[in-house]
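Put together the whole structure using the sequences plus the hints.
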Amino acid sequence: MNVSRIALAGGVAVSSALLVSGTAFAHVTVQPQGPAAKGGYATVNFKVPNERDDASTIKLEVSLPAEHPLASVMPQPVPGWKVEVTKSELDKPLELHGNQITEAATKVTWTADGSKIGPGQFQQFPLSIGQLPEDADQLVFKAVQTYDNKDVVRWIEELKKGSEEPESPAPVLTLSAATEDHHGGGAAGAGAKGSKDGGENAGHHDEPASASASGSDTTARVLGIAGIVVGGAGLAFGVLARRRRSA
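Counting from 15, one number per residue, gives the positions in the sequence shown under my numbering.
None of these hints come from the bench; they were simulated from the model. It is possible that some hints are incorrect.
Claimed, not checked - Simulated crosslink set (DSS-like; lysine-lysine; CA at most 25 angstroms straight-line):
| # | residue 1 | residue 2 |
| --- | --- | --- |
| 1 | K96 | K61 |
| 2 | K106 | K130 |
| 3 | K156 | K52 |
| 4 | K121 | K101 |
| 5 | K174 | K61 |
| 6 | K96 | K175 |
| 7 | K130 | K73 |
| 8 | K175 | K156 |
| 9 | K174 | K156 |
| 10 | K73 | K121 |
| 11 | K106 | K61 |
| 12 | K121 | K106 |
| 13 | K156 | K121 |
| 14 | K174 | K121 |
| 15 | K52 | K175 |
So, in C-alpha cells, the structure goes:
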C-alpha cells in the first residue's frame, strides 16, 4: 500500500512538473547560434512552439528593435515557408564601415507555404543580423504568432526589473561582451541600403575557422585516447584469460 501511494504521488509530481515546464517554455524565444557579441554579427534562431491542441501556426511576424537599427538582416530559407523582409527609411542614417546607411529592415515575416507548425511541434526560423549595438546589453524583438483558426498571440510584453515574467513575453536576445575583431556567427551584408554601394555588402565578415579547427582537433585527441584505453583493456583481458586457462 505504501509503495502504491509513493508511486502515485511521484506520478502526480512528475505530471505537474511537466505541465508547469510546458507552460513556461511555450512562448516564442530567440537564441544565438554561437556568440552574439556587441558590435559584431550573429545568427539567431526564433523558436516558435505551437500552444494549441486544435490549430496550427501558419505565420510569424518579428519586429526588429527600432531603437537599435540593424543594417544587415538576412533570413535563411526554411522549407515550406515564405519569408519577407520589410525595410524603412531611417530617421537618422547609420555609419557602417565607411558607408552611410539610410534604410534598414524593420520587420521579418514568415508565412506558411506548404507547411505548418502542428500541435505538439515547434519550428526554428534562422536570421543573420548585424551590426549589433555596442551600447546595449540586450535586444527585444516583438513577435506576433498567427494560427490557422485565426487566433493571434502577441508576444510583445517586455520584462521589467523586479517583476515576474509577463504572460506574453517578447523574445529577448542577450548580447555578450565585445570582441576585438567584432566577428560574429552570422553573415553580414543584407537588408540594408547605403548611399555609396547600396550597403548590400557593407560590413561583410568571414566567420573565423579557428574554433571549428580547434573543436576537430580536440575530438580527434579524445577519440585517440579512447582507442588506446579500449585497446589496453582488451590486451589485459586477453592476458588474464590465458593465465586462467593455464591454471
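Do the hints match the structure? See the list:
1. Taking the CA atoms of K96 and K61, the gap is about 16 angstroms. The hint holds against a cut of 25 angstroms.
2. The straight-line distance between the Cα atoms of K106 and K130 is roughly 38 angstroms, outside the 25 angstroms bound, and the hint therefore fails.
3. Restraint check for K156 and K52: satisfied, since their Cα atoms lie roughly 20 angstroms apart, inside the 25 angstroms limit.
4. Distance hint between K121 and K101 is fulfilled; the C-alpha atoms sit about 7 angstroms from each other, no more than 25 angstroms.
5. Annotation: proposed proximity of K174 to K61 holds, straight-line Cα distance about 22 angstroms (limit 25 angstroms).
6. Straight-line distance between C-alpha atoms of K96 and K175 comes to about 37 angstroms, which puts the hinted pair past the 25 angstroms bound.
7. Taken as a hint, the K130 and K73 pair is honoured in the structure, with Cα atoms around 9 angstroms apart against an allowance of 25 angstroms.
8. Between K175 and K156 the CA atoms are separated by roughly 18 angstroms; this keeps the pair inside 25 angstroms, and the hint holds.
9. Taking the CA atoms of K174 and K156, the gap is near 15 angstroms; set against the 25 angstroms cutoff, the hint holds.
10. In summary, the hint linking K73 to K121 is supported, as the alpha carbons are separated by about 13 angstroms, within the 25 angstroms threshold.
11. For the hint linking K106 to K61, the alpha-carbon distance of about 31 angstroms lies beyond 25 angstroms, and the restraint is violated.
12. As the CA atoms of K121 and K106 are separated by approximately 18 angstroms, the hinted pair is consistent with the 25 angstroms bound.
13. Between K156 and K121, the direct Cα distance comes to roughly 10 angstroms. Compliance with the 25 angstroms bound is thereby established for this hinted pair.
14. Straight-line distance between C-alpha atoms of K174 and K121 comes to about 24 angstroms, which keeps the hinted pair within the 25 angstroms bound.
15. For a cut-off of 25 angstroms, the pair hint linking K52 to K175 stands: about 22 angstroms separates their Cα positions.
This entry does not satisfy hints 2, 6 and 11, going by the numbered hints stated previously.
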